[in-house]
Amino acid sequence: MSAQPARAETTAATWMLIVALVTLRFALPLLTRQSSWGIHRDEFLYFAMADHFDLFRMQFPPMIAAIAGTGRAIFGDSVLAARVPAALGGAALTAVVLCAVRRLGGGTLGCLLAWLAMLAAPLFVRTSLLMQPVIVDQLLATVAIAALTLAAHEREPRWWIAVGVGLGLGALNKFSIAFVGASVAVAVLCDPSLRGQLRTRWPWYAVLIGATLSLPSVTGQIVHGWPFLQQMQSLRDGQLDRVTMSEFLSGQLTMLAGALVCVLAAVASAMRGGARERVPVIAAACLVLLMLAFHGKAYYAGPAYPMLVATGALALERLAERRRVVRYALPTALLATTIMLWPIGIPVFSPAGMMRYTSALGIAEATKTNRGETLQLPQDYADMLGWRELADSVGAVIARLPASERADLTLVGGNYGEAGALAFYRTRAGLPYPVSTAGDFWAWGSGTGSGRTVIVVGDRDAGATLGKLFARVDVAMELTNPLLVPEEQRVVIYRAADPRAPIAAIWPSLGPNWR
Numbered sequence: 023m024s025a026q027p028a029r030a031e032t033t034a035a036t037w038m039l040i041v042a043l044v045t046l047r048f049a050l051p052l053l054t055r056q057s058s059w060g061i062h063r064d065e066f067l068y069f070a071m072a073d074h075f076d077l078f079r080m081q082f083p084p085m086i087a088a089i090a091g092t093g094r095a096i097f098g099d100s101v102l103a104a105r106v107p108a109a110l111g112g113a114a115l116t117a118v119v120l121c122a123v124r125r126l127g128g129g130t131l132g133c134l135l136a137w138l139a140m141l142a143a144p145l146f147v148r149t150s151l152l153m154q155p156v157i158v159d160q161l162l163a164t165v166a167i168a169a170l171t172l173a174a175h176e177r178e179p180r181w182w183i184a185v186g187v188g189l190g191l192g193a194l195n196k197f198s199i200a201f202v203g204a205s206v207a208v209a210v211l212c213d214p215s216l217r218g219q220l221r222t223r224w225p226w227y228a229v230l231i232g233a234t235l236s237l238p239s240v241t242g243q244i245v246h247g248w249p250f251l252q253q254m255q256s257l258r259d260g261q262l263d264r265v266t267m268s269e270f271l272s273g274q275l276t277m278l279a280g281a282l283v284c285v286l287a288a289v290a291s292a293m294r295g296g297a298r299e300r301v302p303v304i305a306a307a308c309l310v311l312l313m314l315a316f317h318g319k320a321y322y323a324g325p326a327y328p329m330l331v332a333t334g335a336l337a338l339e340r341l342a343e344r345r346r347v348v349r350y351a352l353p354t355a356l357l358a359t360t361i362m363l364w365p366i367g368i369p370v371f372s373p374a375g376m377m378r379y380t381s382a383l384g385i386a387e388a389t390k391t392n393r394g395e396t397l398q399l400p401q402d403y404a405d406m407l408g409w410r411e412l413a414d415s416v417g418a419v420i421a422r423l424p425a426s427e428r429a430d431l432t433l434v435g436g437n438y439g440e441a442g443a444l445a446f447y448r449t450r451a452g453l454p455y456p457v458s459t460a461g462d463f464w465a466w467g468s469g470t471g472s473g474r475t476v477i478v479v480g481d482r483d484a485g486a487t488l489g490k491l492f493a494r495v496d497v498a499m500e501l502t503n504p505l506l507v508p509e510e511q512r513v514v515i516y517r518a519a520d521p522r523a524p525i526a527a528i529w530p531s532l533g534p535n536w537r
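Take the sequence shown: its letters are residues 23 to 537, numbered as in the numbering used here.
One or more hints might be untrue.
Unchecked claim - Only pairs whose alpha carbons sit at most 20 Å apart, straight line, appear in this in silico EDC-like list of lysine to aspartate or glutamate:
{"no.": "1", "residue 1": "319", "residue 2": "414"}
{"no.": "2", "residue 1": "319", "residue 2": "343"}
{"no.": "3", "residue 1": "319", "residue 2": "64"}
{"no.": "4", "residue 1": "319", "residue 2": "402"}
These aren't lab readings, by the way, just hints derived from the structure by calculation. What you are looking at is a predicted structure, and each value in this text was computed from that prediction instead of being measured.
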């Protein structure tokens with residue numbers, strides 16, 4: 023009679039711990055970031071996409087634009103408009119992992135180990151800082167893999183509905199969810215229980231749900247002539263072709279860091295015949311191999327790992343029951359790793375402090391760009407500096423123009439980061455809405471200005487191109503900052519006038535530029 027209440031108390035305590043850990047996971051990125059760091063280049067693009075939101079006619083999956091629009095509607099032009107959605111994504115991913123641990127039979131220690139392992143991996147910490155499709159991709163892929171794992175473990179085919187929802191919503195976020203879908207399919211074929219469930223109606227409901235949810239992403243591609251394929255070709259030419267196998271594999275180790283102990287525990291348990299680990303290990307192995315085959319960046323394999331952390335934590339919890347030293351040594355080691363590597367995921371120092379930290383840490387990969395260049399700061403951090411100053415400088419240039427030119431002005435950003443920042447800060451800096459030949463911006467057109475006077479933000483080489491398009495080109499201002507990414511370290515603000523052809527007429531030939 024007394025065993026049942028004790029078990030209920032234990033279960034309740036575990037769920038209370040999960041709630042507390044998820045809440046803390048949400049708060050940590052917001053409370054520990056240093057205030058010098060602003061909005062990221064990519065986030066400016068997503069805010070601009072929200073300005074042009076059209077569910078069935080977006081050039082790329084629309085979910086990130088919807089998230090950005092919601093964040094800005096709540097927090098305005100504050101950096102919190104980007105940071106809170108990202109932190110929520112990190113907390114939601116943690117919640118899925120911890121709930122999976124509990125559902126698969128884990129207890130308090132298993133949940134704590136999984137939580138600490140997720141914190142000890144820069145892969146999951148950095149993504150909870152930045153409002154990008156990456157954290158949503160990790161979250162929704164994990165929902166699908168976790169549901170499939172539970173469908174096999176509990177022999178309950180209704181979990182397939184969550185698989186369909188995860189993959190379908192994932193298609194609204196990133197087309198790379200197709201690789202997760204392929205990996206899930208292989209895992210299904212390798213698991214006898216899941217193969218048997220294919221004879222029920224639930225997997226086919228999942229297919230229907232996933233296909234329906236993905237429709238807005240597909241219709242947008244059809245409307246715009248499949249720009250995703252153009253972007254991927256540009257990405258392959260500029261970045262992906264240089265990704266070697268050794269770089270990819272070493273990147274897995276660097277990004278996982280402390281979480282690697284859980285990943286290895288999951289793999290070892292699966293190799294010994296562990297049923298709970300089989301599905302996530304097979305899915306993860308397939309996803310990593312696919313990313314290797316397609317020269318994906320190291321972080322592209324991120325969705326493979328959260329469920330390995332969950333099942334690995336279960337295996338380590340069982341080990342701790344036999345070897346008590348593990349119960350204390352492992353959490354301590356994970357916590358120490360988290361403290362040491364936390365600044366790699368969250369910028370807790372000022373830019374000067376961050377430079378000293380990365381230099382002392384001695385991890386070259388931490389400051390290497392996706393084009394192989396080495397910076398003074400991690401690339402994501404460098405991409406969070408200088409944008410407000412850029413907008414203010416452009417505003418100062420425009421303020422010096424005659425009123426007649428200001429009333430009919432076209433403002434051009436040289437890349438999506440510059441154009442996005444000018445769009446985001448336009449009210450503050452007194453700017454017209456910018457145009458750009460970069461990606462999505464090019465599809466939004468050449469703006470409402472006549473093009474007789476144009477302010478262009480670009481690099482030193484842009485002057486020669488502008489000279490072919492305008493009779494008069496002057497340098498209005500130059501900005502330099504060695505802490506930024508290479509293309510932003512020296513920015514030139516040009517004033518161009520007397521176009522040789524109407525800007526609207528030549529606009530179709532100027533883009534899109536996917537760099």
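Hint check:
For the proposed pair residue 319 and residue 414, the alpha carbon gap of about 34 Å is over 20 Å, so the pair is violated. Taking the CA atoms of residue 319 and residue 343, the gap is about 38 Å. The hint is violated against a cut of 20 Å. Restraint check: the Cα-Cα separation between residue 319 and residue 64 comes to about 17 Å, which is no more than 20 Å; the hinted pair holds. Note on residue 319 and residue 402: the hinted pairing holds, with a Cα-Cα distance of about 15 Å set against a maximum of 20 Å.
Hint check: violations occur at hints 1 and 2; the rest are consistent with the structure.
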